[in-house]
Every structure is written in C-alpha cells, then in structure tokens.
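Trainee: Sequence:
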Amino acid sequence: MIDKTWASAAEAVADIPDGASLAVGGFGLSGNPMSLIEALHDQGTKDLSIVSNNCGVDDWGLGILLNDRRIRKMTSSYVGENKEFERQFLDGDLELELTPQGTLAEKLRAGGSGIAAFYTQTGVGTQVAEGGLPRLYDGNGGIAVASPSKDVRTFAVGGRSREYVLEEAIVTDFALVHAKMGDTHGNLVFNKAARNFNPLAAMAGRVCIAQVEELVPAGELDPDEIHLPGIYVHRMVEVGPDIDKRIERRTVTAGSASEGA
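When you read off a place in the sequence shown, starting at 1, and then add 92, the result is the number in the numbering used here.
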C-alpha cells in the first residue's frame with residue numbers, strides 16, 4: 093500500500109527549488125491551493141515560472157508570490173484583476189505568455205497525457221498564431237521579447253477544410269492543486285467550480301502536490317465519484333475544511349436583500 097500523505101504543507105513543498113516551473117490550479121480565487129502557496133512563499137522560493145489561469149489578486153492566491161517578486165514568468169489566460177501584475181509586466185520585470193483559456197487547458201491536459209502537441213482553430217488569423225504578442229517589455233515601453241509565429245496547417249475535418257494552429261503541450265516540474273477530498277493513494281474529488289483547472293494542473297506536473305480539505309483511507313471513495321485518479325498525485329496534505337476561501341468579487345443588486353426577505 094502506498095501512503096502519499098505528508099505531515100504539512102511546508103514539508104510537501106520543501107524541495108521545490110528556485111527557478112522551478114509549476115502548474116497551479118484555481119480560477120480567480122476559486123480552488124486556489126492557498127496553504128501550499130503560502131508554504132512556498134514562507135520558504136522564500138523565487139525565480140518561478142508558473143502556469144495558471146490567472147495570478148490571483150494583489151494580496152491573495154499567487155498574488156502573494158508576485159508581490160514579493162518571486163515569479164519570473166506567468167503562462168496565463170487572464171490577468172486583469174491584479175494591479176501589481178500590470179505594473180511588473182509593463183515595467184519589464186515579469187514575462188507573460190498570454191494563452192487562450194481553452195488552449196491553456198488543453199496544453200496542460202496534453203502534457204499529462206503524453207501528447208506532445210495538437211492543432212486547434214483557436215487563434216488562427218491572430219497574433220496567437222502569427223506572433224508579435226509582447227511577452228517581455230524592456231522597461232521603456234518597447235518590446236524586449238515577442239511571441240513567435242506558430243505552424244498553421246489546413247486540415248479537412250468533416251468534409252470542410254479549415255486552418256489550425258499548432259500548440260505545444262505543457263509539462264512542469266511541480267503542480268500545486270486543491271481538492272475537497274482525497275484518499276491516501278492520491279485519488280481526488282473536487283467541489284463544484286473549484287474543480288476548474290485543478291485536475292489539468294495536476295496532470296501536467298511531474299510531481300503533483302495536493303492539499304485536501306478531508307483525507308480518508310484508501311478504498312473509502314466511490315470509484316465513480318473520483319475526478320482525478322491517484323496516478324497523477326504524488327503528495328497529499330490535509331488542510332481541513334475551515335481554511336479561508338475568499339470571493340474575488342461580490343456583486344449585490346440594490347434592494348435585493350429586502351426583495352428576497
């Protein structure tokens with residue numbers, strides 16, 4: 093029997109070195125592996141290349157690593173909620189590989205599935221395929237590094253010829269993910285929207301570290317309810333159900349409270 097549980101988040105991330113690449117689950121502030129991110133922050137790891145849908149906000153999620161300038165590069169699909177991200181990117185202190193959201197998800201899934209690359213229609217006819225998107229500014233408003241052009245080919249699918257752009261898979265040194273429940277063999281169950289990018293990030297990491305709200309013995313999870321099999325997960329840390337779960341943006345319509353009473 094393989095028990096993948098670790099005593100603490102600090103121990104589980106202790107061997108992540110400076111300069112490592114990480115795939116990190118989460119969408120906005122939903123499903124962020126916050127205990128693992130905080131442990132990584134506390135140990136001072138820097139020069140990180142991170143693949144995640146977004147970079148949290150200024151004081152939460154991956155934003156705490158960004159604020160202390162621990163991140164060298166982000167591969168993301170959305171970064172609009174983080175002002176510090178904007179500052180560092182425009183000042184030339186942070187590299188950004190902006191990727192369409194569905195393409196990013198498939199790049200992670202492909203990496204975990206042993207697929208080197210794939211063709212997609214997303215991005216054809218844009219700078220995603222043609223190149224020229226700013227990846228790194230020079231600090232003076234100029235572009236130091238721009239995205240390269242990608243291979244575009246025509247395929248006849250369903251009797252209709254269309255152009256497709258080649259996208260390479262993503263594999264990272266480590267993955268950090270959050271799940272509602274897991275067993276000691278690493279099988280994971282996610283909660284509703286917190287599922288988001290977590291399974292895909294887990295698949296892409298050579299070493300996947302999962303924080304779970306509840307840890308149960310192997311065999312207690314119904315196989316039909318498991319969202320991610322334990323073959324993708326290498327370390328498990330139980331963080332409990334009472335961890336802080338922030339809401340990125342709350343919108344309340346005027347008068348809604350009295351109307352719903």
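Fair warning: there could be bad hints in the mix.
What the hints assert, rightly or not - Simulated crosslink set (DSSO-like; lysine-lysine; CA at most 30 Å straight-line):
| no. | residue 1 | residue 2 |
| --- | --- | --- |
| 1 | Lys-284 | Lys-272 |
| 2 | Lys-242 | Lys-272 |
| 3 | Lys-138 | Lys-272 |
| 4 | Lys-175 | Lys-165 |
| 5 | Lys-337 | Lys-242 |
| 6 | Lys-242 | Lys-284 |
| 7 | Lys-284 | Lys-337 |
| 8 | Lys-165 | Lys-337 |
| 9 | Lys-175 | Lys-337 |
| 10 | Lys-138 | Lys-337 |
| 11 | Lys-175 | Lys-138 |
| 12 | Lys-165 | Lys-242 |
Claimed, not checked - What follows is a set of in silico ranges between Cβ atoms, one per label pair, in the way DEER data are often shown:
| no. | residue 1 | residue 2 | range |
| --- | --- | --- | --- |
| 13 | Gly-234 | Gly-311 | 57 to 63 Å |
| 14 | Ser-241 | Glu-306 | 31 to 37 Å |
| 15 | Arg-164 | Ser-100 | 25 to 31 Å |
| 16 | Ala-238 | Ile-94 | 28 to 34 Å |
| 17 | Asn-232 | Arg-254 | 22 to 28 Å |
| 18 | Trp-152 | Ser-100 | 41 to 47 Å |
Since the hints were derived computationally from the structure, they do not count as laboratory data.
In this text the structure is predicted, and so the values were computed from the model without any measurement.
By construction, the Cβ of each residue, glycine as well, lies at the ideal position given by its N, Cα and C atoms.
Trainee: A separate judgement is required for each hint: does it hold in the structure or not?
Mentor: Hint check:
Only pairs whose Cα atoms come within 30 Å are accepted, and Lys-284 paired with Lys-272 is accepted, the gap being roughly 9 Å. As the CA atoms of Lys-242 and Lys-272 are separated by approximately 38 Å, the hinted pair breaks the 30 Å bound. Proposed proximity of Lys-138 and Lys-272 is supported: the alpha carbons are some 28 Å apart, at most 30 Å. Pair hint Lys-175 plus Lys-165 holds up; C-alpha atoms about 16 Å apart against a cutoff of 30 Å.
Using a Cα cut-off of 30 Å, the hinted pair Lys-337 and Lys-242 is violated, with the two alpha carbons roughly 39 Å apart. Note on Lys-242 and Lys-284: the hinted pairing is violated, with a Cα-Cα distance of about 35 Å set against a maximum of 30 Å. With a CA separation close to 14 Å, the supplied pair Lys-284 and Lys-337 stays within the 30 Å bound. Using a Cα cut-off of 30 Å, the hinted pair Lys-165 and Lys-337 holds, with the two alpha carbons roughly 26 Å apart.
With a C-alpha separation of about 21 Å, the suggested pair Lys-175 and Lys-337 falls inside the 30 Å cut-off, and the hint holds. About 25 Å separates the Cα atoms of Lys-138 and Lys-337, which keeps this hinted pair within 30 Å; it holds. Between Lys-175 and Lys-138 the CA atoms are separated by roughly 20 Å; this keeps the pair inside 30 Å, and the hint holds. A threshold of 30 Å between alpha carbons decides the hint, and for Lys-165 with Lys-242 the separation of about 20 Å falls inside it, so the pair holds.
A hinted range of 57 to 63 Å for the beta carbons of Gly-234 and Gly-311 is consistent with their spacing of about 59 Å. For Ser-241 and Glu-306, the hinted distance range of 31 to 37 Å is not satisfied, since their beta carbons lie about 47 Å from each other. At roughly 26 Å, the beta-carbon separation of Arg-164 and Ser-100 lies within the given 25 to 31 Å, and the hint holds. A hinted range of 28 to 34 Å is violated for the C-beta pair Ala-238 and Ile-94, which are about 46 Å apart.
For the hinted restraint 22 to 28 Å between Asn-232 and Arg-254, the CB-CB distance of approximately 40 Å leaves it violated. For Trp-152 and Ser-100, the Cβ-Cβ distance of about 21 Å falls outside the hinted range of 41 to 47 Å, so the restraint is violated.
In terms of the numbered hints stated before, the structure departs from hints 2, 5, 6, 14, 16, 17 and 18, listed from lowest to highest.
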